[in-house]
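Chains A and B supply the protein sequences, listed in that same order. Taking the numbering used here, the leading residue of the first sequence gets 99, the next gets one more, and so forth. Taking the numbering used here, the leading residue of the second sequence gets 99, the next gets one more, and so forth.
None of the hints are false.
As a list, the in silico DSSO-like pairs of lysine-lysine whose alpha-carbon atoms are at most 30 angstroms apart:
| hint | chain 1 | residue 1 | chain 2 | residue 2 |
| --- | --- | --- | --- | --- |
| 1 | B | K217 | B | K123 |
| 2 | A | K372 | B | K357 |
| 3 | B | K349 | A | K372 |
| 4 | B | K179 | B | K230 |
| 5 | B | K386 | A | K372 |
| 6 | A | K357 | B | K102 |
| 7 | A | K334 | B | K389 |
| 8 | B | K349 | A | K349 |
| 9 | A | K334 | A | K287 |
| 10 | A | K386 | B | K386 |
| 11 | B | K372 | A | K357 |
| 12 | A | K389 | B | K349 |
| 13 | B | K349 | A | K386 |
| 14 | A | K269 | A | K120 |
| 15 | B | K217 | A | K357 |
| 16 | A | K389 | B | K389 |
| 17 | A | K157 | A | K120 |
| 18 | A | K349 | B | K372 |
| 19 | A | K349 | B | K324 |
| 20 | A | K102 | B | K357 |
| 21 | A | K199 | A | K324 |
| 22 | B | K199 | A | K199 |
| 23 | A | K180 | A | K225 |
| 24 | B | K372 | B | K334 |
| 25 | A | K386 | A | K349 |
| 26 | A | K389 | B | K334 |
| 27 | A | K386 | B | K334 |
| 28 | B | K357 | A | K217 |
| 29 | A | K349 | B | K386 |
| 30 | B | K217 | A | K349 |
Derived by calculation from the structure, the hints in this document are not laboratory data.
2 protein chains.
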Amino acid sequence: MNVKEIPLEKLNAEQYIADQVKSLKQTVGSGLAVNALSGGVDSSVVTMIGHRALGARLKTFFIANGIMREGEPEYIVKVFKKLNVKVELVHAENEFFAALKGLTDPEEKREAITQTFYKKVFGRLVKESGAKYLLQGTNWTDVEETVAGVKRQHNILAQLGIDTQAVFGYKVLEPVLQLRKTGIRMVGKALGLPEEIYARPPFPGPALAARVIGEVTRERVEVVRKATTIVEQELKGSGAFQYLAILHNDKVTGMRNGKRDFGQQIEVRCWESKDAITATVTRLPFEKLEKLAQRITTEVPGVVSVTYNVTAKPPSTIEAI
Amino acid sequence: MNVKEIPLEKLNAEQYIADQVKSLKQTVGSGLAVNALSGGVDSSVVTMIGHRALGARLKTFFIANGIMREGEPEYIVKVFKKLNVKVELVHAENEFFAALKGLTDPEEKREAITQTFYKKVFGRLVKESGAKYLLQGTNWTDVEETVAGVKRQHNILAQLGIDTQAVFGYKVLEPVLQLRKTGIRMVGKALGLPEEIYARPPFPGPALAARVIGEVTRERVEVVRKATTIVEQELKGSGAFQYLAILHNDKVTGMRNGKRDFGQQIEVRCWESKDAITATVTRLPFEKLEKLAQRITTEVPGVVSVTYNVTAKPPSTIEAI
Chain A
99 MNVKEIPLEK LNAEQYIADQ VKSLKQTVGS GLAVNALSGG VDSSVVTMIG HRALGARLKT
159 FFIANGIMRE GEPEYIVKVF KKLNVKVELV HAENEFFAAL KGLTDPEEKR EAITQTFYKK
219 VFGRLVKESG AKYLLQGTNW TDVEETVAGV KRQHNILAQL GIDTQAVFGY KVLEPVLQLR
279 KTGIRMVGKA LGLPEEIYAR PPFPGPALAA RVIGEVTRER VEVVRKATTI VEQELKGSGA
339 FQYLAILHND KVTGMRNGKR DFGQQIEVRC WESKDAITAT VTRLPFEKLE KLAQRITTEV
399 PGVVSVTYNV TAKPPSTIEA I
Chain B
99 MNVKEIPLEK LNAEQYIADQ VKSLKQTVGS GLAVNALSGG VDSSVVTMIG HRALGARLKT
159 FFIANGIMRE GEPEYIVKVF KKLNVKVELV HAENEFFAAL KGLTDPEEKR EAITQTFYKK
219 VFGRLVKESG AKYLLQGTNW TDVEETVAGV KRQHNILAQL GIDTQAVFGY KVLEPVLQLR
279 KTGIRMVGKA LGLPEEIYAR PPFPGPALAA RVIGEVTRER VEVVRKATTI VEQELKGSGA
339 FQYLAILHND KVTGMRNGKR DFGQQIEVRC WESKDAITAT VTRLPFEKLE KLAQRITTEV
399 PGVVSVTYNV TAKPPSTIEA I
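Bound conformation, chain A alone (with noise of 0.2 angstroms):
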């Protein structure tokens, strides 16, 4: 691989965002491109980028998985129709659950949100839209993981269920290759994304369905993202890198009303972090700690307990699986 790494203190957001739009240019030509926006920092500078060098050439694409926060593809749609770039939403949520029922194990349910994702949703979006480019928010930390073996390899080509064998002239383009999370929401403001876009805690890929252990079903998804609603709201002002909550498979007994009560298990990590290589643990004053517990066992149904992650990265991961 001959690209490198453009550290921080090298990084001109200006000039970046100029080179990489005039490097757009030149290779989509008068050709059409396509790309998926997720709501997150990396896929949202991506798109920013795209329609800058692109204009209506690029066409992007939300897909709703059910998997996602409260609101979250109505609010991205709208955020991005206020800069003038048109998103188109696309509502996939029963292809997904479809997928992942009966699913418990992560490795399973990773592939079968992949699969469902690249071969069958998006995989025909790109076929139908004729265009042979496709913008990819790949980071210079997904590199380095891949690389390490924390990550699985990826070839998105692949992904599509376009064999790069048989077929010529897909082109994987990857904006913001070089740039760790801190560089692209550098980007971001400098694209005049608003700060709740760029300055976004990181979301997992495969969505709250990362957040739940055991199977992913409508209802259990719905658990996590009233948790995660609760923990957004309470963790917001804390500056820290990123914070979640996950649901376990595992239940533990509880008490309602002086009767035993056996119920369900949220956990909350919050991470202090400059660029989710290593991490360590908030340190979240207990009066905090607290409120947490105690909203989300009386605001989320079914929930009795709420721990909070105390292991470090390593030899903890940001996610649960």
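Given the coordinates of chain A, work out where chain B should sit on it, guided by the hints.
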């Protein structure tokens, strides 16, 4: 029920002991009694009162079930030997693990331990001893929780496989029934028990099996036993009411030497409480929580993640299952 609680402010430990000794002497007369010593405060106090009243006419068994703390059976036998109380150590580890094999439901596991203890092991010992009197460490919190439906109703004679309809003469004696934990500790001190026994944090009836979510195997008990040792070492000086380690069945992603490692999670709980009926979370310093996580993930093979419970009782309970 015409027996009433003796509140702390009315408790005179010396007088209480004298009353119980007198009562046991009157009831048992020249008969034989047996009891099972678990090493917890309640059964230790019952053993001391029983021996003071009955001497060699009380036979005390310690049943090693394989799901206890490191070195526990030998330690307890030794403590009582110093107090001139003979305790017979019965090795029944194989019987307990055989009964637990394949079980994951907490009620079924609890039932398997109860049945193995009472019907199989202790029931056999009681019958062989020829005793008709059983001393048991039931306390006032047990009574209340049984009435409230938090704990299951216990009929010890039926549990011993003794049909109370058919057999006449068996009698259960409960010398600490009218006391809660703090009162029992005061009585234990007055009886001359060492502080490490009378001030011991409570330990659940099903021992470490109550701290294993999912199947209870020798290997999984060994994991939670190691974590328990670390938690007890680190939190001994915390002044907390109780502290414990729970092995989860859910696996979470971790990292070892830069590679993905799907491993186990330990949940630590540490409680402030007077009577175990309600409890709040001990606000441990983060330095201590991080040290616990660091030690457990380093010293206990397979564990990649440690959490700390932040939910009060209620809606949580002290133990997880």
